[in-house]
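Required output: the full structure, derived from the provided sequences and hints.
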Amino acid sequence: MAKTIEVKAIHTHESVFYAEADSLKALIESAVASGIDLTLANLHGADLSLANLSKARLNSADLSDAQLSGANLEKARLTVAKLDRADLSNANLSEASLLGARLPASKLVEALLRKANLCGANLCGADLSKADLGQADLSKAALSGAILAEATLPFADLSGATLLGTNLSKAALAATDFSRADLSGADLSRADLSGAILSGARLSGANMSKADLSFADLPGAQLAGANLSVANLTAANLPGADLSGTNLSGAVLTGADLTDADLSGANLDGANLNGARLEGARR
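Residue numbering for the sequence shown follows my numbering, starting at 1038 and increasing by one per position.
Rather than coming from a laboratory, the hints here were simulated on the basis of the structure.
All figures in this text were calculated on a predicted structure; none of them were measured in a lab.
Straight-line distance between alpha carbons at most 27 Å, and here's what the computed BS3-like set of lysine-lysine pairs gives: (1) LYS1207 / LYS1247; (2) LYS1177 / LYS1152; (3) LYS1112 / LYS1092.
Here it is, written out as C-alpha coordinates:
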(Lines of atoms letter the chains of each structure in order from A and count residues from 1; the text may use other names and numbers.)
(Lines give C-alpha, C1' and ligand atoms only; values in the text may rest on other atoms or scores of the structure.)
Protein backbone atom coordinates (compact mmCIF):
# COMPACT_ATOMS: atom_id res chain seq x y z
CA MET A 1 0.00 0.00 0.00
CA ALA A 2 1.44 3.40 -1.00
CA LYS A 3 2.38 5.70 1.83
CA THR A 4 0.25 8.85 1.80
CA ILE A 5 2.13 12.15 1.86
CA GLU A 6 0.26 15.17 3.21
CA VAL A 7 0.82 18.03 0.79
CA LYS A 8 -0.87 21.13 2.14
CA ALA A 9 -0.12 23.37 -0.80
CA ILE A 10 0.89 22.30 -4.26
CA HIS A 11 -0.24 25.20 -6.41
CA THR A 12 -0.02 25.24 -10.18
CA HIS A 13 -1.92 28.32 -11.26
CA GLU A 14 -5.30 27.81 -9.53
CA SER A 15 -5.19 24.05 -8.99
CA VAL A 16 -4.42 22.31 -5.69
CA PHE A 17 -3.40 18.65 -5.69
CA TYR A 18 -2.89 15.91 -3.12
CA ALA A 19 -0.74 12.91 -3.98
CA GLU A 20 0.47 9.55 -2.77
CA ALA A 21 4.18 8.93 -2.48
CA ASP A 22 4.43 6.87 -5.65
CA SER A 23 2.86 9.61 -7.81
CA LEU A 24 4.18 12.69 -6.00
CA LYS A 25 7.39 12.98 -7.99
CA ALA A 26 5.56 12.78 -11.31
CA LEU A 27 3.06 15.39 -10.13
CA ILE A 28 5.81 17.77 -9.08
CA GLU A 29 7.74 17.39 -12.30
CA SER A 30 4.62 17.92 -14.41
CA ALA A 31 3.85 21.10 -12.50
CA VAL A 32 7.32 22.62 -12.29
CA ALA A 33 7.07 24.51 -15.57
CA SER A 34 4.18 26.53 -14.14
CA GLY A 35 6.03 27.25 -10.88
CA ILE A 36 5.25 24.87 -8.04
CA ASP A 37 4.35 26.00 -4.52
CA LEU A 38 5.06 23.50 -1.74
CA THR A 39 5.00 26.01 1.10
CA LEU A 40 4.31 24.28 4.44
CA ALA A 41 4.05 20.91 2.67
CA ASN A 42 4.63 17.78 4.74
CA LEU A 43 7.06 15.76 2.64
CA HIS A 44 8.64 13.89 5.50
CA GLY A 45 10.42 10.80 4.18
CA ALA A 46 9.35 11.45 0.58
CA ASP A 47 11.44 10.02 -2.27
CA LEU A 48 12.21 12.96 -4.54
CA SER A 49 15.56 11.77 -5.80
CA LEU A 50 16.39 13.25 -9.23
CA ALA A 51 13.22 15.39 -9.07
CA ASN A 52 13.16 18.76 -10.82
CA LEU A 53 12.31 21.31 -8.13
CA SER A 54 14.11 24.28 -9.61
CA LYS A 55 12.61 27.60 -8.43
CA ALA A 56 10.11 25.68 -6.29
CA ARG A 57 8.71 27.35 -3.18
CA LEU A 58 9.37 25.07 -0.22
CA ASN A 59 9.39 27.63 2.56
CA SER A 60 8.67 26.02 5.96
CA ALA A 61 8.19 22.64 4.25
CA ASP A 62 9.01 19.45 6.17
CA LEU A 63 11.51 17.45 4.13
CA SER A 64 13.12 15.68 7.04
CA ASP A 65 14.40 12.20 6.14
CA ALA A 66 13.52 12.89 2.48
CA GLN A 67 15.49 11.37 -0.40
CA LEU A 68 16.61 14.25 -2.62
CA SER A 69 19.82 12.85 -4.04
CA GLY A 70 20.53 14.27 -7.47
CA ALA A 71 17.50 16.57 -7.28
CA ASN A 72 17.51 19.93 -9.05
CA LEU A 73 16.72 22.61 -6.47
CA GLU A 74 18.42 25.47 -8.25
CA LYS A 75 17.03 28.82 -7.05
CA ALA A 76 14.48 27.00 -4.88
CA ARG A 77 13.12 28.77 -1.81
CA LEU A 78 13.64 26.70 1.33
CA THR A 79 13.54 29.39 4.00
CA VAL A 80 13.23 27.78 7.48
CA ALA A 81 12.51 24.43 5.81
CA LYS A 82 13.13 21.23 7.81
CA LEU A 83 15.68 18.98 6.13
CA ASP A 84 16.88 17.01 9.14
CA ARG A 85 18.73 13.87 7.99
CA ALA A 86 17.69 14.49 4.36
CA ASP A 87 19.84 12.98 1.61
CA LEU A 88 20.85 15.76 -0.78
CA SER A 89 23.93 14.08 -2.20
CA ASN A 90 24.82 15.41 -5.66
CA ALA A 91 21.80 17.74 -5.53
CA ASN A 92 21.90 21.12 -7.27
CA LEU A 93 21.10 23.85 -4.73
CA SER A 94 22.94 26.67 -6.46
CA GLU A 95 21.43 30.08 -5.63
CA ALA A 96 18.82 28.38 -3.44
CA SER A 97 17.52 30.23 -0.39
CA LEU A 98 17.98 28.14 2.77
CA LEU A 99 17.83 31.05 5.19
CA GLY A 100 17.39 29.66 8.70
CA ALA A 101 16.79 26.15 7.35
CA ARG A 102 17.35 23.04 9.47
CA LEU A 103 19.77 20.51 7.98
CA PRO A 104 21.33 18.71 10.97
CA ALA A 105 22.84 15.33 10.11
CA SER A 106 21.86 15.84 6.46
CA LYS A 107 23.90 14.36 3.62
CA LEU A 108 25.17 16.89 1.07
CA VAL A 109 28.12 14.99 -0.35
CA GLU A 110 29.26 16.58 -3.63
CA ALA A 111 26.20 18.85 -3.60
CA LEU A 112 26.28 22.06 -5.63
CA LEU A 113 25.54 25.05 -3.37
CA ARG A 114 27.22 27.89 -5.24
CA LYS A 115 25.82 31.29 -4.17
CA ALA A 116 23.25 29.57 -1.94
CA ASN A 117 21.90 31.54 1.03
CA LEU A 118 22.44 29.46 4.19
CA CYS A 119 22.55 32.39 6.59
CA GLY A 120 21.68 31.16 10.09
CA ALA A 121 21.10 27.60 8.85
CA ASN A 122 21.64 24.61 11.14
CA LEU A 123 24.10 22.20 9.51
CA CYS A 124 25.45 20.58 12.66
CA GLY A 125 26.75 17.10 11.91
CA ALA A 126 25.97 17.44 8.20
CA ASP A 127 28.20 15.73 5.64
CA LEU A 128 29.29 18.26 3.01
CA SER A 129 32.34 16.37 1.79
CA LYS A 130 33.48 17.64 -1.62
CA ALA A 131 30.48 20.00 -1.80
CA ASP A 132 30.79 23.19 -3.85
CA LEU A 133 29.87 26.21 -1.69
CA GLY A 134 31.66 28.89 -3.66
CA GLN A 135 30.34 32.38 -2.81
CA ALA A 136 27.67 30.86 -0.55
CA ASP A 137 26.34 32.85 2.42
CA LEU A 138 26.89 30.79 5.59
CA SER A 139 27.08 33.75 7.95
CA LYS A 140 25.99 32.86 11.49
CA ALA A 141 25.37 29.26 10.38
CA ALA A 142 25.79 26.38 12.85
CA LEU A 143 28.27 23.85 11.45
CA SER A 144 29.67 22.22 14.57
CA GLY A 145 30.67 18.62 13.93
CA ALA A 146 30.00 18.96 10.20
CA ILE A 147 32.25 17.35 7.58
CA LEU A 148 33.52 19.67 4.87
CA ALA A 149 36.60 17.69 3.91
CA GLU A 150 37.76 18.63 0.40
CA ALA A 151 34.81 21.01 0.06
CA THR A 152 35.13 24.11 -2.12
CA LEU A 153 34.25 27.43 -0.45
CA PRO A 154 36.17 30.23 -2.19
CA PHE A 155 34.78 33.70 -1.39
CA ALA A 156 32.09 32.14 0.84
CA ASP A 157 30.82 34.14 3.83
CA LEU A 158 31.14 32.26 7.15
CA SER A 159 31.37 35.35 9.32
CA GLY A 160 30.05 34.67 12.81
CA ALA A 161 29.54 30.98 12.01
CA THR A 162 30.05 28.24 14.61
CA LEU A 163 32.34 25.42 13.46
CA LEU A 164 33.37 23.66 16.66
CA GLY A 165 35.28 20.49 15.77
CA THR A 166 34.31 20.81 12.11
CA ASN A 167 36.34 18.80 9.57
CA LEU A 168 37.66 21.17 6.89
CA SER A 169 40.73 19.16 5.96
CA LYS A 170 41.97 19.77 2.41
CA ALA A 171 39.12 22.25 1.85
CA ALA A 172 39.51 25.06 -0.69
CA LEU A 173 38.94 28.19 1.41
CA ALA A 174 40.80 30.88 -0.52
CA ALA A 175 39.47 34.37 0.29
CA THR A 176 36.72 32.88 2.48
CA ASP A 177 35.37 35.18 5.22
CA PHE A 178 35.67 33.58 8.68
CA SER A 179 35.66 36.85 10.62
CA ARG A 180 34.42 36.32 14.20
CA ALA A 181 33.76 32.65 13.43
CA ASP A 182 34.37 30.00 16.09
CA LEU A 183 36.62 27.27 14.68
CA SER A 184 37.86 25.95 18.01
CA GLY A 185 39.10 22.39 17.64
CA ALA A 186 38.41 22.36 13.90
CA ASP A 187 40.51 20.30 11.48
CA LEU A 188 41.94 22.62 8.82
CA SER A 189 44.96 20.50 7.99
CA ARG A 190 46.21 20.94 4.42
CA ALA A 191 43.39 23.43 3.75
CA ASP A 192 43.91 26.31 1.34
CA LEU A 193 43.20 29.46 3.36
CA SER A 194 45.26 31.80 1.22
CA GLY A 195 43.88 35.31 1.47
CA ALA A 196 41.19 34.16 3.91
CA ILE A 197 39.67 36.66 6.35
CA LEU A 198 39.97 35.39 9.93
CA SER A 199 39.88 38.63 11.90
CA GLY A 200 38.74 37.97 15.46
CA ALA A 201 38.23 34.28 14.68
CA ARG A 202 38.53 31.64 17.40
CA LEU A 203 40.92 28.88 16.37
CA SER A 204 42.08 27.60 19.75
CA GLY A 205 43.16 23.98 19.51
CA ALA A 206 42.54 23.88 15.76
CA ASN A 207 44.66 21.61 13.56
CA MET A 208 46.10 23.75 10.77
CA SER A 209 49.10 21.59 10.02
CA LYS A 210 50.42 22.12 6.46
CA ALA A 211 47.62 24.61 5.76
CA ASP A 212 48.20 27.47 3.33
CA LEU A 213 47.54 30.75 5.15
CA SER A 214 49.63 32.95 2.89
CA PHE A 215 48.32 36.52 2.82
CA ALA A 216 45.55 35.54 5.24
CA ASP A 217 44.12 38.27 7.50
CA LEU A 218 44.12 37.21 11.19
CA PRO A 219 44.24 40.38 13.34
CA GLY A 220 43.21 39.58 16.90
CA ALA A 221 42.62 35.92 16.07
CA GLN A 222 42.70 33.44 18.96
CA LEU A 223 45.05 30.59 18.04
CA ALA A 224 46.15 29.41 21.48
CA GLY A 225 47.25 25.79 21.37
CA ALA A 226 46.65 25.46 17.63
CA ASN A 227 48.79 23.19 15.46
CA LEU A 228 50.37 25.26 12.69
CA SER A 229 53.32 22.97 12.05
CA VAL A 230 54.72 23.29 8.51
CA ALA A 231 51.96 25.80 7.71
CA ASN A 232 52.53 28.50 5.10
CA LEU A 233 51.97 31.90 6.72
CA THR A 234 53.87 33.95 4.17
CA ALA A 235 52.85 37.62 4.46
CA ALA A 236 50.02 36.67 6.83
CA ASN A 237 48.55 39.52 8.88
CA LEU A 238 48.60 38.53 12.58
CA PRO A 239 48.83 41.75 14.66
CA GLY A 240 47.61 41.20 18.20
CA ALA A 241 46.90 37.52 17.54
CA ASP A 242 47.04 35.03 20.42
CA LEU A 243 49.56 32.37 19.38
CA SER A 244 50.41 31.23 22.90
CA GLY A 245 51.31 27.56 23.09
CA THR A 246 50.96 27.24 19.33
CA ASN A 247 52.99 24.67 17.39
CA LEU A 248 54.70 26.66 14.64
CA SER A 249 57.54 24.21 14.06
CA GLY A 250 58.66 24.28 10.45
CA ALA A 251 56.15 27.01 9.62
CA VAL A 252 56.95 29.65 7.01
CA LEU A 253 56.33 33.14 8.42
CA THR A 254 58.38 35.19 5.96
CA GLY A 255 57.05 38.72 5.76
CA ALA A 256 54.30 37.98 8.30
CA ASP A 257 53.04 40.76 10.57
CA LEU A 258 53.28 39.53 14.18
CA THR A 259 53.17 42.98 15.77
CA ASP A 260 51.96 42.75 19.40
CA ALA A 261 51.21 39.04 18.93
CA ASP A 262 51.39 36.68 21.92
CA LEU A 263 53.96 33.98 21.13
CA SER A 264 54.51 32.86 24.72
CA GLY A 265 55.17 29.13 24.87
CA ALA A 266 54.95 28.79 21.08
CA ASN A 267 57.12 26.15 19.40
CA LEU A 268 59.10 27.93 16.68
CA ASP A 269 61.64 25.18 16.00
CA GLY A 270 62.68 25.37 12.35
CA ALA A 271 60.23 28.20 11.63
CA ASN A 272 61.23 30.73 8.97
CA LEU A 273 60.74 34.28 10.28
CA ASN A 274 62.75 36.12 7.65
CA GLY A 275 61.32 39.60 7.16
CA ALA A 276 58.61 39.06 9.78
CA ARG A 277 57.49 42.04 11.89
CA LEU A 278 57.86 41.23 15.58
CA GLU A 279 57.54 44.66 17.23
CA GLY A 280 55.85 44.29 20.60
CA ALA A 281 55.48 40.52 20.20
CA ARG A 282 55.65 38.54 23.46
CA ARG A 283 57.82 35.45 23.75
